[in-house]
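Protein chains in written order, with numbering that gives the first Met the number 0: chain A, 0 to 461; chain B, 0 to 461.
Among the clues, some could well be false.
Treat identical chains as interchangeable: a pair holds within one or across any two.
As the list claims (entries may be wrong) - Straight-line alpha carbon distances no greater than 30 angstroms define the calculated DSSO-like cross-link-like pairs of lysine-lysine that follow:
no., residue 1, residue 2
1, K339, K31
2, K237, K195
3, K21, K267
4, K397, K94
5, K397, K318
6, K321, K237
Hints listed in this document are in silico derivations from the structure and should not be mistaken for laboratory results.
Letter by letter, the chains look like this.
Protein chains: 2
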Amino acid sequence: MEAKDVKELYEEIESLMNQEVKLQGWIRNHRKQKEFGFIDFTDGTDFQTVQVVYDDKLDDFLEIQKLRVGSAIEVIGKVMKSPAKGQVFEIQAEKVVLLGDSPEDYPIQPKRHTREFLREQAYLRPRTNLFGAVFRVRSVAAMAIHEYFQSHNYVYVHTPLITTADCEGSDQMFKITTLDLNHLPKTEDGQVDMSKDLFGKQAYVTGTGQLHGEAFAMAYKKIYTFGPTFRTENSNTKTHANEFWMIEPEIAFCDLDGLMNIEEEMLKFVVNYVLEKCPKEIAFFDQFVEKGLKEKLSKLVQAKFTRISHHDVIDILKKADKEWEFTPSYDGDIAKEHEKYITEYIHGPVFNTDWPKDIKAWYMKVNEDGKTVAAVDLEVPGAGELMGGSQREEDYDKLMERIKENNIDQSTVDWFCNLRRYGGCYHSGFGMGFERLLIYLTGVDNIRDVIPFPRTPNNCEY
Amino acid sequence: MEAKDVKELYEEIESLMNQEVKLQGWIRNHRKQKEFGFIDFTDGTDFQTVQVVYDDKLDDFLEIQKLRVGSAIEVIGKVMKSPAKGQVFEIQAEKVVLLGDSPEDYPIQPKRHTREFLREQAYLRPRTNLFGAVFRVRSVAAMAIHEYFQSHNYVYVHTPLITTADCEGSDQMFKITTLDLNHLPKTEDGQVDMSKDLFGKQAYVTGTGQLHGEAFAMAYKKIYTFGPTFRTENSNTKTHANEFWMIEPEIAFCDLDGLMNIEEEMLKFVVNYVLEKCPKEIAFFDQFVEKGLKEKLSKLVQAKFTRISHHDVIDILKKADKEWEFTPSYDGDIAKEHEKYITEYIHGPVFNTDWPKDIKAWYMKVNEDGKTVAAVDLEVPGAGELMGGSQREEDYDKLMERIKENNIDQSTVDWFCNLRRYGGCYHSGFGMGFERLLIYLTGVDNIRDVIPFPRTPNNCEY
Numbered sequence: 000m001e002a003k004d005v006k007e008l009y010e011e012i013e014s015l016m017n018q019e020v021k022l023q024g025w026i027r028n029h030r031k032q033k034e035f036g037f038i039d040f041t042d043g044t045d046f047q048t049v050q051v052v053y054d055d056k057l058d059d060f061l062e063i064q065k066l067r068v069g070s071a072i073e074v075i076g077k078v079m080k081s082p083a084k085g086q087v088f089e090i091q092a093e094k095v096v097l098l099g100d101s102p103e104d105y106p107i108q109p110k111r112h113t114r115e116f117l118r119e120q121a122y123l124r125p126r127t128n129l130f131g132a133v134f135r136v137r138s139v140a141a142m143a144i145h146e147y148f149q150s151h152n153y154v155y156v157h158t159p160l161i162t163t164a165d166c167e168g169s170d171q172m173f174k175i176t177t178l179d180l181n182h183l184p185k186t187e188d189g190q191v192d193m194s195k196d197l198f199g200k201q202a203y204v205t206g207t208g209q210l211h212g213e214a215f216a217m218a219y220k221k222i223y224t225f226g227p228t229f230r231t232e233n234s235n236t237k238t239h240a241n242e243f244w245m246i247e248p249e250i251a252f253c254d255l256d257g258l259m260n261i262e263e264e265m266l267k268f269v270v271n272y273v274l275e276k277c278p279k280e281i282a283f284f285d286q287f288v289e290k291g292l293k294e295k296l297s298k299l300v301q302a303k304f305t306r307i308s309h310h311d312v313i314d315i316l317k318k319a320d321k322e323w324e325f326t327p328s329y330d331g332d333i334a335k336e337h338e339k340y341i342t343e344y345i346h347g348p349v350f351n352t353d354w355p356k357d358i359k360a361w362y363m364k365v366n367e368d369g370k371t372v373a374a375v376d377l378e379v380p381g382a383g384e385l386m387g388g389s390q391r392e393e394d395y396d397k398l399m400e401r402i403k404e405n406n407i408d409q410s411t412v413d414w415f416c417n418l419r420r421y422g423g424c425y426h427s428g429f430g431m432g433f434e435r436l437l438i439y440l441t442g443v444d445n446i447r448d449v450i451p452f453p454r455t456p457n458n459c460e461y
Numbered sequence: 000m001e002a003k004d005v006k007e008l009y010e011e012i013e014s015l016m017n018q019e020v021k022l023q024g025w026i027r028n029h030r031k032q033k034e035f036g037f038i039d040f041t042d043g044t045d046f047q048t049v050q051v052v053y054d055d056k057l058d059d060f061l062e063i064q065k066l067r068v069g070s071a072i073e074v075i076g077k078v079m080k081s082p083a084k085g086q087v088f089e090i091q092a093e094k095v096v097l098l099g100d101s102p103e104d105y106p107i108q109p110k111r112h113t114r115e116f117l118r119e120q121a122y123l124r125p126r127t128n129l130f131g132a133v134f135r136v137r138s139v140a141a142m143a144i145h146e147y148f149q150s151h152n153y154v155y156v157h158t159p160l161i162t163t164a165d166c167e168g169s170d171q172m173f174k175i176t177t178l179d180l181n182h183l184p185k186t187e188d189g190q191v192d193m194s195k196d197l198f199g200k201q202a203y204v205t206g207t208g209q210l211h212g213e214a215f216a217m218a219y220k221k222i223y224t225f226g227p228t229f230r231t232e233n234s235n236t237k238t239h240a241n242e243f244w245m246i247e248p249e250i251a252f253c254d255l256d257g258l259m260n261i262e263e264e265m266l267k268f269v270v271n272y273v274l275e276k277c278p279k280e281i282a283f284f285d286q287f288v289e290k291g292l293k294e295k296l297s298k299l300v301q302a303k304f305t306r307i308s309h310h311d312v313i314d315i316l317k318k319a320d321k322e323w324e325f326t327p328s329y330d331g332d333i334a335k336e337h338e339k340y341i342t343e344y345i346h347g348p349v350f351n352t353d354w355p356k357d358i359k360a361w362y363m364k365v366n367e368d369g370k371t372v373a374a375v376d377l378e379v380p381g382a383g384e385l386m387g388g389s390q391r392e393e394d395y396d397k398l399m400e401r402i403k404e405n406n407i408d409q410s411t412v413d414w415f416c417n418l419r420r421y422g423g424c425y426h427s428g429f430g431m432g433f434e435r436l437l438i439y440l441t442g443v444d445n446i447r448d449v450i451p452f453p454r455t456p457n458n459c460e461y
């Protein structure tokens with residue numbers, strides 16, 4: 000007999016009732032009585048456990064009673080209507096076999112563990128309710144993103160992580176090398192001789208696939224990337240990690256308004272997909288992590304996203320009857336306190352457009368006013384900035400000007416600029432940090448808790 | 000009017016016939032006659048171009064005639080039955096507007112370019128028929144993999160790329176650092192002081208997610224990874240790249256036979272998915288890249304995969320009436336010439352099982368004979384080894400022995416070994432190089448031509 004996934008049990012319960020099934024998984028909890036016992040059983044395919052009931056009519060009743068939490072077992076038994084409240088069925092065990100033991104001091108006991116403790120048990124924490132739910136939502140949300148883009152004719156592009164271009168500012172990128180750091184080859188003038196390295200020069204792991212994505216958008220019209228990204232930031236906050244995942248769509252023949260349409264449609268699709276595919280996880284987060292989470296997500300799917308320029312945002316902030324820590328400025332960035340105020344003032348998600356060009360990236364399209372760029376940040380209540388995007392500068396000469404203004408080494412982005420010469424067209428793209436989305440979807444507020452094995456300064460265990 | 004994707008045109012042609020549509024894309028080819036002209040138009044959403052016909056009744060006829068190959072244009076026109084053979088429809092242009100010019104010396108002209116030349120134009124090559132098809136198949140095959148695993152209740156795990164474990168052999172991994180190589184901090188004994196680096200020790204980018212995948216399989220039963228992987232190999236062959244993508248599923252309660260079932264089912268699903276979603280691309284490869292490709296792929300979907308032990312393979316090789324460059328040995332690896340012979344001898348895909356333990360990895364399960372491990376390589380006609388997997392050693396003490404035998408630094412894999420102590424169970428997994436699959440799917444025989452921006456020794460442009 001082939002083992003059933005617990006997920007299949009829940010999905011096919013009507014046809015399985017009174018049938019014999021085989022299950023393989025782990026003991027979450029074990030309550031023993033004199034003549035019978037209850038095993039909280041999981042195989043990890045479903046958020047919900049299954050109750051396995053056994054009694055002293057089984058030959059190895061005493062052996063089964065010794066089974067400890069965390070052990071791997073195989074259960075053969077009958078699916079029966081459950082007398083217990085709120086539980087549709089249980090398994091009446093005919094046979095319970097130990098497949099893998101677990102010791103008395105198994106770290107994940109059926110009690111409340113702090114997230115800090117579980118972070119130190121990163122390889123075991125997906126076995127808990129909380130992290131089991133978080134990392135399943137991570138998987139389902141990733142699939143939602145692929146489904147959205149693929150069903151809209153986007154091509155998924157694996158942009159390279161290793162790069163020799165330093166257009167982002169190489170001080171923010173990890174250097175990679177095959178050289179022996181204790182015996183570095185030197186040139187005549189005493190500098191490290193990078194020509195001896197595998198790529199013949201200093202290479203980095205990159206923080207964005209956008210530039211390469213643009214090249215592919217000029218071939219396929221609509222593309223997206225979805226892959227890991229690296230930042231060297233030496234910053235220990237709830238929202239910073241040195242390795243995380245990004246989604247970067249890029250769309251030809253798309254202006255800023257078109258881009259906002261796509262951002263809004265995609266986000267609603269993903270949120271709705273997770274609501275539909277992970278109702279048990281969402282209910283759990285709603286109850287134990289963020290009260291009102293489900294309502295927050297359902298509201299977003301229905302919401303009309305507001306579009307408002309940076310200039311008008313500053314107007315609103317200046318008129319507000321508030322003491323600001325950072326004074327709102329038409330030339331400046333928008334602080335967290337401002338973001339919060341605006342999403343509350345607007346009472347919903349806000350596309351904040353047309354930013355002062357000097358605080359935004361060099362490849363963004365300069366508006367006709369010569370002062371602002373066609374950039375857009377999406378601010379979502381309870382999440383802050385979820386996406387950042389822009390229309391790209393498609394004019395070769397204007398791009399060159401910006402490159403000079405920003406002291407970019409043009410030689411490393413020559414090919415990128417040439418895209419403007421060879422059938423370049425107006426186009427736009429955005430980036431979404433996947434972990435930021437997950438924090439929003441789960442209510443879990445620390446990036447370390449939505450990444451399977453997080454990497455932060457001085458923290459690269461496992 | 001919103002622009003249609005060319006793909007939508009082909010899909011909805013019946014309802015669009017005689018309708019007016021707007022298209023945005025690029026000129027692939029332009030043939031001019033005195034009173035009319037034909038534009039081969041693409042927007043990259045479909046392999047097939049669309050013929051746009053215009054004539055001198057248009058006001059700007061002379062302007063349109065000047066449009067060059069590679070230019071971005073917008074076309075408004077009527078979808079008409081085409082008089083041309085083998086072409087269902089064409090667009091009778093009412094308006095053609097230049098959106099982005101392309102110069103006379105645009106590198107991608109409508110003629111045959113060598114793959115070597117196009118490799119040097121990596122940022123433009125997806126605009127050609129060949130690479131346009133290759134990278135679309137790459138995207139569709141990636142989606143197929145996600146669909147297979149997600150629909151079978153697997154959890155997609157983003158295993159970390161940055162690692163401090165050197166269990167694979169750190170000489171095969173890129174070192175990463177934030178330190179200034181020209182001013183490295185030193186310890187008292189003159190060595191580089193890695194404690195000053197961002198993670199407080201030497202970190203690497205990894206070549207596998209398997210170890211972390213196993214931890215998650217012990218929570219979710221079935222998981223897969225799909226992400227970039229790095230190797231420092233200084234090797235210039237058709238099958239080596241320093242950055243590539245891998246799929247690594249890991250399944251609890253799964254033995255070697257179960258693993259082979261999954262490998263076979265998954266591969267057939269993916270091949271079939273690509274055959275169904277990319278018929279035009281496959282027909283193109285079949286005609287211009289690898290004659291018989293379509294039949295090869297269709298056959299695979301129908302094939303019964305043979306399972307045969309390494310020992311029996313050596314028997315067959317020894318009995319073969321052939322002069323071998325490498326003498327087949329019961330203790331040894333199987334050379335390319337052997338692989339080829341066996342798939343031809345068996346006349347189909349072959350699972351080659353139970354390999355001598357000394358030539359396989361330390362984490363593989365030692366069979367009862369004490370000499371072989373429960374490993375399996377899948378050899379596919381015309382592709383060679385497509386996947387490599389094994390049942391994992393689930394016995395803590397036996398694993399410790401293997402760790403000692405193989406001089407692995409146990410302290411870096413303590414947590415991994417502990418998985419055997421905490422409800423460990425029999426489990427198996429495999430790895431599939433995504434590019435190897437793509438080479439098989441497209442017939443394109445050089446890994447540099449199935450990676451958007453390939454990285455190989457001394458080659459990290461773009």
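Evaluation of the provided hints:
no.	hint	result
1	K339 to K31	neither (51 angstroms within a copy, 59 angstroms between copies)
2	K237 to K195	between (40 angstroms within a copy, 23 angstroms between copies)
3	K21 to K267	between (39 angstroms within a copy, 27 angstroms between copies)
4	K397 to K94	between (74 angstroms within a copy, 28 angstroms between copies)
5	K397 to K318	neither (35 angstroms within a copy, 71 angstroms between copies)
6	K321 to K237	within (26 angstroms within a copy, 65 angstroms between copies)
Of the numbered hints listed earlier, those contradicted by the structure are 1, 5.
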